[in-house]
Amino acid sequence: MTLLSVRDLEVEYATQGGPVPAVRGVDLDVEAGETMGLAGESGCGKSTIAHAILRLLPEGTRVSGEVLLEGEDVLTMSFGRLRAVRWGRAAIVFQGAMHSLNPVQRVGEQIAEAVRIHDAKVTDAEAGRRAGDLVERVGLPAGRARDYPHELSGGQRQRIMIAMALACGPRLLIADEPTTALDVMVQAQVLTLLKSLQDELKLGLLFITHDLSVLRELCDRLAVMYAGRVVEVGPAASVFREPAHPYTRALAGAFPSIGDPDDRRSPGGLGGDPPDPQRVPAGCSFHPRCPARFEPCDRVDPSLYPVEDGRRAACLLHEPSLAK
Amino acid sequence: MSEAPLLQVHDLHVTFAGRQGLGAGLLGRRAADARAVDGVDLAVGEREVVALAGESGCGKTTLARTIMGLERPRSGRILFDGQPIGRDGLRAYRRKVQMVFQDPAGALNPRQTIYESVAEGLRVHGLHEGEERRVAEALASAGLRPPERFFLLYPHELSGGQRQRVVIAGALVLEPRMIVADEPVSMLDASVRGEILSLLLRLRDEFGLALLIVTHDLGLAWTVADRVAVMYLGKIVEVGPTEEVLTRPRHPYTRALLDVVPESGGDLTGRKVLAGEPPDPTNIPPGCRFHPRCPEVASGRAAALGQEERCRGEVPALREIVPGHFAACHLA
Numbered sequence: 001m002t003l004l005s006v007r008d009l010e011v012e013y014a015t016q017g018g019p020v021p022a023v024r025g026v027d028l029d030v031e032a033g034e035t036m037g038l039a040g041e042s043g044c045g046k047s048t049i050a051h052a053i054l055r056l057l058p059e060g061t062r063v064s065g066e067v068l069l070e071g072e073d074v075l076t077m078s079f080g081r082l083r084a085v086r087w088g089r090a091a092i093v094f095q096g097a098m099h100s101l102n103p104v105q106r107v108g109e110q111i112a113e114a115v116r117i118h119d120a121k122v123t124d125a126e127a128g129r130r131a132g133d134l135v136e137r138v139g140l141p142a143g144r145a146r147d148y149p150h151e152l153s154g155g156q157r158q159r160i161m162i163a164m165a166l167a168c169g170p171r172l173l174i175a176d177e178p179t180t181a182l183d184v185m186v187q188a189q190v191l192t193l194l195k196s197l198q199d200e201l202k203l204g205l206l207f208i209t210h211d212l213s214v215l216r217e218l219c220d221r222l223a224v225m226y227a228g229r230v231v232e233v234g235p236a237a238s239v240f241r242e243p244a245h246p247y248t249r250a251l252a253g254a255f256p257s258i259g260d261p262d263d264r265r266s267p268g269g270l271g272g273d274p275p276d277p278q279r280v281p282a283g284c285s286f287h288p289r290c291p292a293r294f295e296p297c298d299r300v301d302p303s304l305y306p307v308e309d310g311r312r313a314a315c316l317l318h319e320p321s322l323a324k
Numbered sequence: 001m002s003e004a005p006l007l008q009v010h011d012l013h014v015t016f017a018g019r020q021g022l023g024a025g026l027l028g029r030r031a032a033d034a035r036a037v038d039g040v041d042l043a044v045g046e047r048e049v050v051a052l053a054g055e056s057g058c059g060k061t062t063l064a065r066t067i068m069g070l071e072r073p074r075s076g077r078i079l080f081d082g083q084p085i086g087r088d089g090l091r092a093y094r095r096k097v098q099m100v101f102q103d104p105a106g107a108l109n110p111r112q113t114i115y116e117s118v119a120e121g122l123r124v125h126g127l128h129e130g131e132e133r134r135v136a137e138a139l140a141s142a143g144l145r146p147p148e149r150f151f152l153l154y155p156h157e158l159s160g161g162q163r164q165r166v167v168i169a170g171a172l173v174l175e176p177r178m179i180v181a182d183e184p185v186s187m188l189d190a191s192v193r194g195e196i197l198s199l200l201l202r203l204r205d206e207f208g209l210a211l212l213i214v215t216h217d218l219g220l221a222w223t224v225a226d227r228v229a230v231m232y233l234g235k236i237v238e239v240g241p242t243e244e245v246l247t248r249p250r251h252p253y254t255r256a257l258l259d260v261v262p263e264s265g266g267d268l269t270g271r272k273v274l275a276g277e278p279p280d281p282t283n284i285p286p287g288c289r290f291h292p293r294c295p296e297v298a299s300g301r302a303a304a305l306g307q308e309e310r311c312r313g314e315v316p317a318l319r320e321i322v323p324g325h326f327a328a329c330h331l332a
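Residue numbers (the numbering used here), protein chains in the order written: chain G, 1 to 324; chain X, 1 to 332.
If you're looking for bench data, these hints aren't it; they were derived computationally from the structure. Even glycine gets a Cβ: it sits at the ideal position worked out from N, Cα and C. A hint or two may mislead.
As the list claims (entries may be wrong) - Ranges between beta-carbon positions, derived for each pair:
#, chain 1, residue 1, chain 2, residue 2, range
1, X, 31, G, 113, 52 to 58 Å
2, G, 27, X, 39, 56 to 62 Å
3, X, 84, G, 241, 49 to 55 Å
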């Protein structure tokens, strides 16, 4: 059974300025042991998806569709069941580790707390021992469990967040920009750690980031989002090598290859800006910025059409009856 | 380069006083000073684009701020056009050298219109003549066309990329000869970055501006820079033409930085990632300051070449390895 299966997810935030559609019909699958990348720019809806999967969105947000975690719909389950599923089946690591940890509690105790919440029978000593094991598992000396968050560096705190996410043995780990605030070298350390934990524990990993270059080497499959929709999805290597959607191509071009003379002094990029979610253009939402747009793009809203290598792209260039 | 460079930095040192707790202060104890910039030489020529790269905490932003006159150096000299900066006050100098900061939202006053924000520099410098024309030209040069459409807008009405263009227009309005840009695109979305970088390059071509771009991103350096300087713990450890430094790096630290740049088909588990955290400028290791993290020392290669003792005890000078390409490593 597919570990995570998101079907026709729509999310609309309620704001003073009226409803804001953030996710406009997304399908997404993550298999056990697979790393799925979710890429896109700020405001494209990728973090909203992460929050919707664990029902962490603010009250009043309209959510429809299905989020099937091992076949069970998270969106309709009882709150008691949801509590067991959060942490126990699926856990999430956020961007700012500093703000997610309690500043006046030792990090080991915070991990032990997560262990205890899901296993009421565990003794304090046992919870503490497991917390120590988890701290070692994420590559820190067990003694660091006695530190307070401010005594740790940003990278070490992010490791603690990962240890906490693993505390209840989840099958799915959602990482929402987990390395964005970190320095390049520390970012590489944390990515290496995530990859090895994923291999070892056979986790399904949903890795969300704006940085396409990180996903290039981390992910098996990749979905690229624009304006609340998935515009291209497929095996990560082929999405990079030969992007089928003009947006993916532009995004990939924004991350130069060092050593490639073609990338010298010719910064890749797109004119314009991502659309305001309340004023998404008609037709293909990307058409005003698209270098490859043609006649029907401003009126026909593309769905995901199959491309080679098991890829799909939401671009009319690949629409069977229009394609040349 | 036949003539003298536009900007020259000689043996610059900037230190920040160590923090002192009340108890320790009463006992007369003092924390060590942080040597944020610890002996830097750097030159930027006319029309030249130089990238200053390194991890956070390496001193690159402090160096940029000191060049702008925002921090006072402990020792060393900064010459602009052959003249020491700040001799006749910083005002005249700041007309010629403008800074663009990382966060365009924070650099603009949210209650000021775009026109006011761009005109502010002119007013500070007492340039009242033709204000409207100058503002319009600066906005147009920064790619905001037609400029009049933006005059009465407020920052929140613009996108991130447009705000960064306004910040750049605010620098251009004084017709500077050089722009120091601290991480100019790191807060922007990927698809917008390219446009801002193209703009910076066009300013060099059209107005002959020199650019010093501070960045942690070597990919960005590859895209725009003529030369790259790599900084580690307050010192420049490698500097030279971009193609040289980024494709034939001589310093193990530059190689380590390049190793963690994600590459297509790269193998995440196979690459060398330096362990540990960026080191502490209050406690700079003796000898080569990189030696405690250096893969060449750890692997025993430095010892095999009979250099390990020097790595641990002797500060390596920045030596010219091939013409124009300098590295501060005993093994280079």
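Check each numbered hint against the structure and report the violated ones by number, ascending. Hint 1 is the one this structure does not satisfy, whereas the remaining hints hold.
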